[in-house]
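A.B. asks: Protein chains in written order, with this note's numbering: chain A, 48 to 339; chain B, 48 to 339.
If you're looking for bench data, these hints aren't it; they were derived computationally from the structure. Bear in mind the structure is a predicted one, so any value in this text is a computation, not a measurement. Keep in mind that a hint or two might mislead.
A pair holds if it fits inside one copy or across any two, identical chains being indistinguishable in the list.
List time: in silico DSSO-like cross-link candidates among lysine-lysine, alpha-carbon distance up to 30 Å [unchecked claim]:
hint, residue 1, residue 2
1, K149, K310
2, K191, K56
3, K300, K108
4, K91, K56
5, K108, K191
6, K149, K56
7, K302, K149
8, K149, K289
9, K56, K289
10, K248, K149
11, K300, K149
12, K108, K289
13, K300, K56
14, K108, K149
2 protein chains.
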Amino acid sequence: MPRREELLKYLPLIEEELTAALDMCQASEPLLSAMRYSLLAGGKRLRPSLALGVCDMLGGKTEIALRLGCAIELIHTYSLIHDDLPCMDDDDMRRGRPSNHKVYGEAQALLAGDALLTYAFERMLSAAQIANEAYYRGVLEIAKRAFGMVAGQSMDLIAENDPEAGEEELNYIHRHKTADLLTASVLAGAYSASADEDTIKRLEAFSEKMGLLFQITDDILDREGDPALMGKTLGKDEKENKLTFVSLYGLEKAKTLAEGLQKECHAMLDGAFAKRAGYLHLVIDYIVERNN
Amino acid sequence: MPRREELLKYLPLIEEELTAALDMCQASEPLLSAMRYSLLAGGKRLRPSLALGVCDMLGGKTEIALRLGCAIELIHTYSLIHDDLPCMDDDDMRRGRPSNHKVYGEAQALLAGDALLTYAFERMLSAAQIANEAYYRGVLEIAKRAFGMVAGQSMDLIAENDPEAGEEELNYIHRHKTADLLTASVLAGAYSASADEDTIKRLEAFSEKMGLLFQITDDILDREGDPALMGKTLGKDEKENKLTFVSLYGLEKAKTLAEGLQKECHAMLDGAFAKRAGYLHLVIDYIVERNN
C-alpha cells in the first residue's frame with residue numbers, strides 16, 4: 048500500500064463513527080449544525096488513527112480504540128472552536144473555511160465547543176457493553192489529558208504577554224497543549240488491548256516525544272510559511288508575540304531539534320516494538336513531512 | 048433543627064470536598080485561581096445537597112453522592128462562567144462579585160470554564176475504588192444532562208431573537224437549561240443507593256417538575272426585582288428580550304403555575320416516599336421562598 052494510503056487507512060471507519068455519533072446526538076438547532084460543521088470538516092484524523100494504529104499493533108479491540116479515539120477527535124474539535132474565538136486567537140479561517148463563530152456567531156460557537164466536549168464523555172460512557180477496567184482507565188486518561196490541554200493553552204496565552212517566559216514555559220505549553228491529546232490517543236490504543244504497565248510506560252514516553260516533534264514542526268512550518276518573518280531568528284515571533292521553538296531557539300536550531308527527535312522516535316519504536324510499529328513509523332514521518 | 052440549618056446541613060461536607068478537589072488539581076496559574084474564584088464563591092450548593100439528601104433518603108453511599116454531586120457543582124460553575132461572558136449574557140457581576148472574566152479576562156475565563164467541565168469528569172472517573180455499575184450509570188446520566196443543559200442554553204439564545212418562539216421553545220429551554228442538572232443531582236443520589244428502575248422513574252418525574260418550579264420562580268423573582276418592568280405582563284421581557292414564563296403568560300398566571308407545581312411536588316414526594324422525603328420537601332419550599 049502506498050504510504051499515504053496506509054496512513055489514511057482508518058479514515059472510512061473513523062468518519063463512519065463520527066457521523067453515527069452525530070446522528071445519535073439529541074441537540075437542538077443550530078447547535079447540532081454548529082457541532083457538525085466543525086467535526087465533519089475533514090482533516091487527517093490523526094488522533095483516532097493513532098488509537099487504531101496502536102490497537103492493531105497490540106492486537107486490541109477495534110471497537111474500544113474507535114470509541115475512545117473518536118471521543119478524542121470530538122475533544123480536539125472543541126478545542127479548535129474555542130481557540131478560534133475572538134477572545135482567544137481570533138482566527139476567521141480554519142481548514143480553508145470560515146471558522147465556527149464566523150458562521151454561527153460567537154455564542155453558538157462557544158456552546159458548540161462545550162457541547163462537543165460534553166458529548167465526548169457521553170459517548171465514552173455510553174459503551175457499557177464494551178467497557179472493562181482498562182476501558183475506564185482509558186477514559187480517565189483522556190479526561191486528564193484533556194484537562195492538561197486546557198492548562199497548556201492557558202499558559203500559552205500568559206507566555207505571550209510575559210517577556211520573562213522562556214524554556215520552562217515553552218516546555219510546559221507544548222507538553223500539555225499539543226502532546227497531551229496525542230498521548231491520550233496512543234494510550235487509548237494501548238487500553239483497547241489492556242496493555243501491561245511496561246507497554247503503557249514505553250508508549251507514553253514515545254508519545255511525549257512525538258508531541259514535541261509535532262509542535263516543533265508546527266512552529267517551523269508557521270515561520271517558513273510567512274516570508275516576512277524569515278529574517279527573524281531570535282526573540283518572540285513578532286507576528287503574534289507567541290513563544291515558540293523558533294522564536295526561542297531560531298529556525299536552524301529548531302530544525303536540528305526536530306531531526307533529532309524524529310530519529311529518537313523511530314529508535315524508540317524499533318527498541319520497543321521491532322517490526323510491529325510500521326504504522327507509528329509512518330505517522331512520525333508524516334508529522335515531519337506534512338505541508339511540505 | 049431549624050429549617051434553614053437543615054437545608055444547609057450538607058454544606059461543610061460539600062465545601063470540604065470541593066476544596067480537596069481543587070487542592071488535587073494539577074493546573075497552572077492563573078487557570079487554577081480562576082477555577083477557584085468561581086467554584087469557591089459560596090452559594091447554597093443546591094445540586095450536591097440534593098444528591099446527598101436523596102442518598103440519605105434511600106440509604107445510599109455518601110461518598111458516591113458526594114463525588115457525583117460535587118462534580119455537578121463543577122459543571123454548574125463552568126456554565127455560569129460561560130454564561131456571563133460578553134458573547135453570552137454579558138454579565139459583569141455574579142453572586143455580588145465581579146464575574147470571572149472581569150477578574151481574569153475573557154480568554155482565561157473561557158478556559159476556566161472548559162477546565163471545570165473537564166475536571167468534573169476527571170474527578171468522577173478517578174473513583175475506581177467506589178465505582179460500581181450504578182456509579183457509572185450515574186456518570187453517564189450527568190454527562191447526558193450536562194449536554195442537555197448546553198442544548199437548552201443554545202435554544203434560549205435563539206428564542207431571544209425569534210418573535211415566533213413560544214410555549215414549545217420555552218418548555219424545551221427550561222426542561223434542559225435548568226431542570227437537567229437538578230435532575231442529574233437527584234438521580235446521582237439515587238445511583239449512590241443503586242436504586243431500582245421504579246424509584247429512578249419517580250425521582251426523575253419529581254425532579255423535572257422541581258426544575259420547572261425553579262425556573263418559574265426565577266422568572267417571577269427577576270420580574271419582581273425590576274420595578275421598571277412591573278407594569279408589563281405580556282410580550283417578551285423588554286429588558287433582555289428573553290422568553291420567560293412571565294413574558295409569555297404574565298406575572299399572575301406564572302404565580303398560579305408555581306403554586307400548582309409546588310403542591311404537585313409535595314404530593315409526588317408524599318406518594319412515593321411518605322415520611323422519608325423530609326429533606327426534599329424542604330428544598331421545594333426553599334425554591335419558592337428564596338430571595339423573599
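A.B. asks: Now tell me if each hint is right for this structure.
C.D. replies: How the hints compare with the structure:
no. : hint        : in the structure
1   : K149 - K310 : neither (41 Å within a copy, 47 Å between copies)
2   : K191 - K56  : within (28 Å within a copy, 32 Å between copies)
3   : K300 - K108 : neither (41 Å within a copy, 57 Å between copies)
4   : K91 - K56   : within (10 Å within a copy, 53 Å between copies)
5   : K108 - K191 : both (22 Å within a copy, 26 Å between copies)
6   : K149 - K56  : neither (32 Å within a copy, 47 Å between copies)
7   : K302 - K149 : neither (35 Å within a copy, 41 Å between copies)
8   : K149 - K289 : both (24 Å within a copy, 24 Å between copies)
9   : K56 - K289  : neither (35 Å within a copy, 49 Å between copies)
10  : K248 - K149 : neither (42 Å within a copy, 42 Å between copies)
11  : K300 - K149 : neither (37 Å within a copy, 40 Å between copies)
12  : K108 - K289 : neither (41 Å within a copy, 49 Å between copies)
13  : K300 - K56  : neither (34 Å within a copy, 61 Å between copies)
14  : K108 - K149 : neither (39 Å within a copy, 47 Å between copies)
In terms of the numbered hints stated before, the structure departs from hints 1, 3, 6, 7, 9, 10, 11, 12, 13, 14, listed from lowest to highest.
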